[in-house]
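Residue numbers are given in our numbering: position 227 of the sequence shown equals residue 281, and the series is strictly consecutive.
I should point out that these hints are in silico values taken from the structure, not numbers from a laboratory.
All values reported here derive from a predicted model rather than from experimental measurement.
Possibly wrong hints are sitting among the right ones.
Derived Cβ-Cβ restraints for the label pairs, each shown as a range [said to hold, decoys possible]:
#  : residue 1 : residue 2 : range
1  : E518      : L139      : 33 to 41 Å
2  : G420      : K576      : 33 to 41 Å
3  : L596      : G563      : 33 to 41 Å
4  : E521      : G420      : 41 to 49 Å
5  : K429      : K555      : 41 to 49 Å
6  : Q597      : K405      : 25 to 33 Å
7  : N194      : H262      : 51 to 59 Å
8  : D491      : P334      : 30 to 38 Å
9  : Q597      : E121      : 54 to 62 Å
10 : K405      : G563      : 30 to 38 Å
11 : K555      : E105      : 37 to 45 Å
12 : T74       : D113      : 16 to 24 Å
13 : V130      : A173      : 14 to 22 Å
14 : E121      : R154      : 43 to 51 Å
In silico DSBU-like cross-links for lysine-lysine, where the CA-CA straight-line distance does not exceed 35 Å [as the list claims (entries may be wrong)]:
#  : residue 1 : residue 2
15 : K592      : K367
16 : K282      : K367
17 : K252      : K70
18 : K555      : K362
19 : K94       : K362
20 : K282      : K522
21 : K190      : K417
22 : K362      : K150
23 : K282      : K405
24 : K282      : K268
25 : K288      : K268
26 : K252      : K190
27 : K79       : K150
28 : K603      : K282
29 : K268      : K150
30 : K252      : K592
31 : K282      : K555
32 : K555      : K584
33 : K592      : K576
34 : K362      : K592
35 : K150      : K584
36 : K555      : K288
37 : K551      : K252
38 : K417      : K603
39 : K405      : K367
40 : K362      : K603
Heads up, the beta-carbon is just placed ideally off N, CA and C, and yes, glycines get one too.
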Amino acid sequence: MAAKHRKSLGESLVDKGVITAEQLKGAQEEEKRTGRHMRKVLVEMGYIDEEDLVAFLSDSLALPRIELSNHIVDPVIIELVPEELARKYELIPVLKIGNRLTCAMVDPWNVFAIDEVSARVGLTVEPAVATEAEIKRALNEYYGGKGSMDRLMQSIDGEKRGEEKGVLDAEKEIKLKKLYEMSEEPIVVKLTNFIIMKAVHERASDIHIEPEEKVLNVRLRVDGVLHKIEPPPKYLQSALISRIKIMATLDITERRLPQDGRFTIRIEDRAVDVRVSIMPTIYGENIVLRLLDASNTLIRLTDLGFPKQILDKYERLITRPHGIILVTGPTGSGKTTTLYGSLARINTVEKNIITIEDPVEYKLAGIRQIQINPKVDLTFANGLRSILRQDPNIVMVGEIRDSETAEIAIHAALTGHLVFSTLHTNDAAGAITRLIDMGVEPFLVSSSVIGVLAQRLVRRLCPECREKVDKDVAQSAQSIEGVSLHSGDKVNLFGPKGCAKCLTTGYKGRVGIYELLSVDDKIRAAVVSKATADEIKKIAVLQGMVTLKEDGMDKVRQGVTSIEEVLRVTREE
């Protein structure tokens, strides 16, 4: 790519009017005298700011601008280019797609560098641009200490460990300047990047950094279950926490109060939003990082595991012109994903869709999304009032938390709006009685709610290592109340085994199980008469509602999940 640009950097800058011919002449003389590269000479002589120069290179050469400070590179990618070659040409490999390797470079005009790296790694090198400071910092961060946590720790000088052990103790008072210095140490940056990279590669939804008295534990939540990874050194606790705080623009000196923040990083070709929650504990600050793939915005209901009969009924509900549709389940059961999939399914240019959320997890094109902010009194209730003055057709409220929000949502549904929201209840029928318990009149609930979808997430059996279970294990399915596998069923059941591809758990990925309560005349009559949740559920089942357990057992019969997994997520039922 660079070979097509025959003019020198200086000549191109003059042609674009960025520098003058006189400035170029002076820079050329300085370049000849010192032997330094023209790019560095121009910046050092003050003729152009480095950020402006990088922007010029990106624009004039049609090359991507890589902000390495917000980009985490896989150690496997780093290992493709030998350290001496990377330092010689001041470049960092950042992304490999097929036989093409993208390298962030100080000098993307350097055809010799591109050719030599291509020859050494056996890949086609595609240049990108970055600042010299970013490249130098990345060279120090990524080369040395690659691979496992043990290998990473070997890159720390043993003597320095001993000297710093007392200084970096999480319980000691550390001055602000020292905290910043610690957080910027290459080993601390490497450690932070290593933990986040490992979490992304293992498909983790959350990272838990948990200080104990003598150890700093790190656990990753994969498919809803926490797993331990190699713990980093305890004495790096303060530095690691400070590093994360700086990335999330939080107060690094505040250790007594909870803090919340967020930041975005790029890993390979993916943008990952990271939500940060920090809570003080007796052994130091506990951190939870929620990882959201910002590039994964296309959410389709057909990908979520709906049985066809439930999906058909649900799609008919979400195309109704008005009413309330509730999605229920515990935290982490995929409610928000279902709501996003629902909005994506019905989003058209003719409809005005507005959401109010806490937080906005994914950005949806063509939909106005609002983040609540209690600090300025932008709550769900107040935000919902304002939304209704924006002439919406469809409104999504992240969660109905109180009677005020519930009443506004119900009145919105009764005045011609389709309203989506969530509640934390164990089953679909429980959502009806929860609204009444909040103080909403039963006749208002029966008139406004048109459907309730309850859901859970079960882990999928790993397709590489799942194994058949014997008859005795199969019969244990009958322990699920109201659901059994009859002896006449000719079906093979599978259970988890465990292999390297599924972290030895036997499971890889998750799928939803669902029950959908459609509110008809019989359900409305039961609601108005203040029937209990159990009574409402019995009516719905008699009318053909598939329960969570029944849908779970269907997926067991299909070999998607195991009996134990269905029992795990429905045990409270």
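Hint check:
Judged by the Cβ atoms, the range 33 to 41 Å given for E518 and L139 holds: they are separated by roughly 37 Å. Restraint check, G420 to K576: a C-beta distance of roughly 38 Å satisfies the suggested window 33 to 41 Å. For L596 and G563, the Cβ-Cβ distance of about 34 Å falls inside the hinted range of 33 to 41 Å, so the restraint holds. Against the hinted window of 41 to 49 Å, the Cβ-Cβ separation of E521 and G420 comes to about 46 Å, which satisfies the hint.
For the pair K429 and K555, the beta carbons lie near 45 Å from each other, so the given range of 41 to 49 Å is met. The hinted window of 25 to 33 Å between Q597 and K405 holds, with their beta carbons roughly 30 Å apart. Evaluation of the 51 to 59 Å hint for N194 and H262 yields a failure: the beta carbon distance comes to about 28 Å. Roughly 34 Å separates the CB atoms of D491 and P334, a value that falls within the hinted 30 to 38 Å.
Against the hinted window of 54 to 62 Å, the Cβ-Cβ separation of Q597 and E121 comes to about 56 Å, which satisfies the hint. With their beta carbons about 32 Å apart, K405 and G563 fall inside the hinted range of 30 to 38 Å. Remark: the range hint 37 to 45 Å for K555 to E105 is upheld by a beta-carbon distance near 43 Å. For T74 and D113, the Cβ-Cβ distance of about 20 Å falls inside the hinted range of 16 to 24 Å, so the restraint holds.
In this structure the hint that V130 and A173 lie 14 to 22 Å apart at CB holds, the actual value being about 20 Å. At roughly 20 Å, the beta-carbon separation of E121 and R154 lies outside the given 43 to 51 Å, and the hint is violated. A hinted pair counts as satisfied when its Cα atoms are at most 35 Å apart, and K592 with K367 qualifies at roughly 19 Å. A distance of roughly 41 Å separates the Cα atoms of K282 and K367; the hinted pair therefore is violated under the 35 Å criterion.
For a cut-off of 35 Å, the pair hint linking K252 to K70 is broken: about 44 Å separates their Cα positions. Pair hint K555 plus K362 holds up; C-alpha atoms about 30 Å apart against a cutoff of 35 Å. Pair hint K94 plus K362 does not hold up; C-alpha atoms about 63 Å apart against a cutoff of 35 Å. For the proposed pair K282 and K522, the alpha carbon gap of about 28 Å is at most 35 Å, so the pair holds.
Only pairs whose Cα atoms come within 35 Å are accepted, and K190 paired with K417 is accepted, the gap being roughly 34 Å. Distance hint between K362 and K150 is unfulfilled; the C-alpha atoms sit about 39 Å from each other, more than 35 Å. For the hint pairing K282 with K405, the CA-to-CA distance comes to about 46 Å; that exceeds 35 Å, so the pair is violated. Taking the CA atoms of K282 and K268, the gap is about 16 Å. The hint holds against a cut of 35 Å.
Pair hint K288 plus K268 holds up; C-alpha atoms about 7 Å apart against a cutoff of 35 Å. Only pairs whose Cα atoms come within 35 Å are accepted, and K252 paired with K190 is accepted, the gap being roughly 24 Å. For the hint linking K79 to K150, the alpha-carbon distance of about 39 Å lies beyond 35 Å, and the restraint is violated. Restraint check for K603 and K282: satisfied, since their Cα atoms lie roughly 30 Å apart, inside the 35 Å limit.
Restraint check for K268 and K150: not satisfied, since their Cα atoms lie roughly 40 Å apart, outside the 35 Å limit. Among the hinted pairs, K252 with K592 is inconsistent with the structure: their alpha-carbon atoms are about 46 Å apart, more than 35 Å. Straight-line distance between C-alpha atoms of K282 and K555 comes to about 16 Å, which keeps the hinted pair within the 35 Å bound. Distance hint between K555 and K584 is unfulfilled; the C-alpha atoms sit about 51 Å from each other, more than 35 Å.
A distance of roughly 11 Å separates the Cα atoms of K592 and K576; the hinted pair therefore holds under the 35 Å criterion. In summary, the hint linking K362 to K592 is supported, as the alpha carbons are separated by about 22 Å, within the 35 Å threshold. The hinted pair formed by K150 and K584 fails the criterion: a straight-line CA distance of about 61 Å is larger than 35 Å. Our distance criterion of 35 Å between C-alpha atoms is met by K555 and K288, whose separation comes to about 30 Å.
Restraint check: the Cα-Cα separation between K551 and K252 comes to about 23 Å, which is no more than 35 Å; the hinted pair holds. Only pairs whose Cα atoms come within 35 Å are accepted, and K417 paired with K603 is accepted, the gap being roughly 33 Å. Between K405 and K367 the CA atoms are separated by roughly 21 Å; this keeps the pair inside 35 Å, and the hint holds. A distance of roughly 16 Å separates the Cα atoms of K362 and K603; the hinted pair therefore holds under the 35 Å criterion.
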